[in-house]
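Fit chain C with the ligands to the supplied structure of chain Z, relying on the hints for placement.
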Amino acid sequence: MNMLTAKPTKAPRNAGVAAALSLVVPGAGQFYLGMRQRAAAILGVVLGLGVLIQWVFADLGVGEVTWGSLTTSWLWALLALLWLWNVADAYGRARGRRSADAVGVLLALVIVYYIGWQVTDANLERLFSRFEDVKGVLNALVHPDLVARDELGAWRPSENFGDLVGKIVHKPASGLLVALGLVREGALVPALVPGKLLETIAIGLMATLFSAVLALPLSFAAAHNIMSRVPGGAVIYQVMRGVLNVVRAIDTLIWGILIVVWVGLGSFAGVLALTIHSIAALGKLYSEEIEHIDPGPVEALTATGAGLLQTIRYAVIPQIVPPFLAFTLLRWDINMRMATVVGVVAGGGIGFFVVETIRKGGYEQYAAALWLVALVIILVDYVSARWRERILVGEVLTDKRAPRPLARAARTALMAALLLAFFAASWSLSQIDLRKLFEPAPTFWQVVGDFVTIDVSPAVLQVVSRQMLITVFQALIATTLGALAAIPFSFLAARNLLGDSPVGKAAYYATRALLNFLRSIEALLYVAIFVFWVGIGPFAGMLSLAITSFALVGKLFSEAIENIDPGPLEAITAAGGTRLQSVMYAILPQIIPPFISYVIYQWDINVRVSTIVGFAGGGGVGLLLNNYFGMLQYHKAGTVVAMIVIVVTVMDFASAKIRERLV
Amino acid sequence: MLKVENLTKVYPNGTVALRDVSFQVPDGEFLAVIGLSGSGKSTLLRCINRIIEPTSGRIILDGVDLTALPPSEMRKQRRQIGMVFQQFNLVKRSSVLTNVLAGRLGYLPSYMSLANHFPAADHETALKTLARLGLEDKAHVRADSLSGGQQQRVGIARALMQDPKLILADEPVASLDPVLSHSIMKHLEACNKEDGITILCSLHFLDLVHRYATSAIGLKGGQLVFQGLPQEIDDAQFKEIFGQEAERVTIL
Ligand SMILES: Nc1ncnc2c1ncn2[C@@H]1O[C@H](COP(=O)(O)OP(=O)(O)O)[C@@H](O)[C@H]1O
Ligand SMILES: [Mg+2]
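Just so you know, the protein sequences line up as chains Z and C, in that order. Under our numbering, think of the first position of the first sequence as 1, with each following residue one higher. Under our numbering, think of the first position of the second sequence as 1001, with each following residue one higher.
I should point out that these hints are in silico values taken from the structure, not numbers from a laboratory. One or more hints might be untrue.
Each computed SDA-like pair below joins lysine to any residue, with the alpha-carbon atoms no more than 25 Å apart [said to hold, decoys possible]: (1) C:K1165 with Z:T311; (2) C:K1092 with Z:R388; (3) C:K1092 with Z:R390; (4) C:K1165 with C:S1145; (5) C:K1076 with C:Y1107; (6) C:K1186 with C:Q1024; (7) C:K1092 with Z:P322; (8) C:K1138 with Z:I226; (9) C:K1092 with Z:V321; (10) C:K1092 with Z:I226; (11) Z:K657 with Z:G48; (12) Z:K657 with Z:R390; (13) C:K1186 with C:K1076; (14) C:K1092 with Z:G48.
Note that the structure is a prediction, hence the values are computed from the model and not measured.
Same shape as in the complex, but just chain Z:
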């Protein structure tokens, strides 16, 4: 044996014993060899897959084969192969060989993906056979209803454009204008009737403002370093953290259907739904920021004899305000996206418009909505990112006493006035009516009572967990498809790889634009296309999720590629390597860990989103929840939400843990 590869084996273990142990209990042989983690992983995977195979076979008939009088799942054969691999692995390991992990992983993946494909009802054939019919819709997408010719043949904004953005109508002048002597009594003056898009923008803005203000005090109660100084704080801290996590696990749209019961359909319900979810999300981010402040300045100011308030003002606030603002801006971006879909369940905004137009088959109107949404979201995304950068990187700051040019002061005043006007307009546009909060519908408390006393009868649990399973697999397959498609595109969207040639630049900008466009539209808005294309069900939802995953993962991947260390690339090029060789040897090793991390992150996001694609016909728990609500079966709806909270929390935790280990 070669001296270099010889391992310092301690006590030699018997390979036969190891193999025999693994034959009886998967992983037992590996355990006997002292490889505890490996043993636990093997046992967990085999057991988990066994349960899964049995479950989907019994419940959904997945993998069913008939052999004479015996009906069973053929997936058992694959599991048997995995079991055999585990025996071979134990034997090989005992003799100091490293068996091929890839075989075991591959077998497990085949089982998982086969099941996933089946339960999400994926059917590529339908995607192609229906293509002819769907051409009309796709054609409509590139001919959005934004402009129309009037009688004289001139292009004008269409009726639909007016519904979406706003119309100018002539109204009798208000008393104020008359009193000011600007117009005569009874004269008609032009006024803007805002459209659905403006309403959506207002909803996103109001929700961001409300949630930022409300999350602020809560975040202090959820910050460990603050609460450990307050009597009884440890308990408050735990409770706050728990509440924030549960609230965050429930998607905005699910809050939406609950809130509709409270305040009725409309923009206000949308604002509330967004606000609740975003309080929890911001509360968590804020409190983590508070926990991470530098204690040095606090200590220094205490040492000067400053009081508590002074210390907070001069040592704590300056540290937390910039990150808080940055998080709020990020949340504004997210809220704007959610505002485009919250109307699907809560009414109000462009989401409601989309549901209505699709119902009427108005695909050109729907297309117009998509294009406008993309425009607004891309803009918001850009502005939010730029502002965040400016806040966090920070300009050279000037003090109050420092000479400040008048122009600057004037600009600040103008900005403040504009913001105020914006706020007032948004308030009225999003139909904020705080009184409604205190006058819930008469059935409201009844509904809440039903909702929290969840139905745990086996029949309901079975139905709910089946749909939950579909949801999780829907997210998995969508992530996989999206990520696979994203890989080639991410190379095209990475600036450092494409060089400065005109072709390279063109490819870069085209790919970036495509990714940004696709990413700006929420999965729920895509569902309509796929429902028409492949029919209602999880497959339609999965395809929508795949598109948004493709766009987001593509963006993250390309950024990961742009951030690689150029050193190795240079070295391989210097050594005369080809472009392909440099990808293989300099780029791939650097990007695989972040890629895997992003894929897991995306899966985590997708599980959340796939709980709601059902609201638009995308299958999974969303559909079930919608049905239960429609049939006023609130106990059962409660079960669904409880299950979502559990699954999302587990996914969140697991995904964070795995990603932590990857980097």
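Just chain C with the ligands, lined up with the frame of chain Z:
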């Protein structure tokens, strides 16, 4: 005159960081506190202004027993004790001027200072102090845009704003390179010689002790193992304080 009598500090987790430490520092002294990392230097300095609450013993500053004061009175006493930190402890995103002015907070009623408004006289003093430390042109930039040595000078300026009788400097040069170390130590020396401020300064390097201190104490495992003149610390003493394996490190 600062008197430390039988000072003991036991942390909640049971670590005894200081064990029955007593010494005196006459006014105008530049006292070096030396000892290995973990010997209790930071704990000692922080017990003097009660940023850390002593477990037992007394701290007497000009006849006032600081350990007996209620919190509000202690706050007032802290105004005459400046502190300088190893990590500078500046508010990074605030301007240099605001950081320096923060040294006046103990003199101002809360309501007045909450809006970042300081009396004009304080502004003047702050700018003068910055000028004295060679930072006149940096008043309006963010603290984190300064180099380490400059940040520490801001830290000293903040302490000077308190108009202190005593400055506690906890390894003020441990995060700086040797050239900057001397520049910072010279500023502290100036505070000591020109303003007559008593200085307690923990230091790692014997050469800095020899060059700047007028007296020294040594801590080992929380106990006082040396008290005397800096020149008295020879290599044998040094080994006693820093342990057998310690090498004398010479800088510049
Ligand atoms: N907050 C604390 N809780 C518990 N033990 C502490 C704490 N701070 C310091 N110690 C311990 O007290 C001893 C003295 O620490 P310190 O005063 O920081 O020493 P020095 O400044 O000389 O390095 C060390 O053993 C240290 O681990
Ligand atoms: Mg220390």
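*Find the hints from earlier in the document that the structure breaks and name them by number, from lowest to highest.*
Hint check: 4, 8, 12, 13 and 14 fail, others pass.
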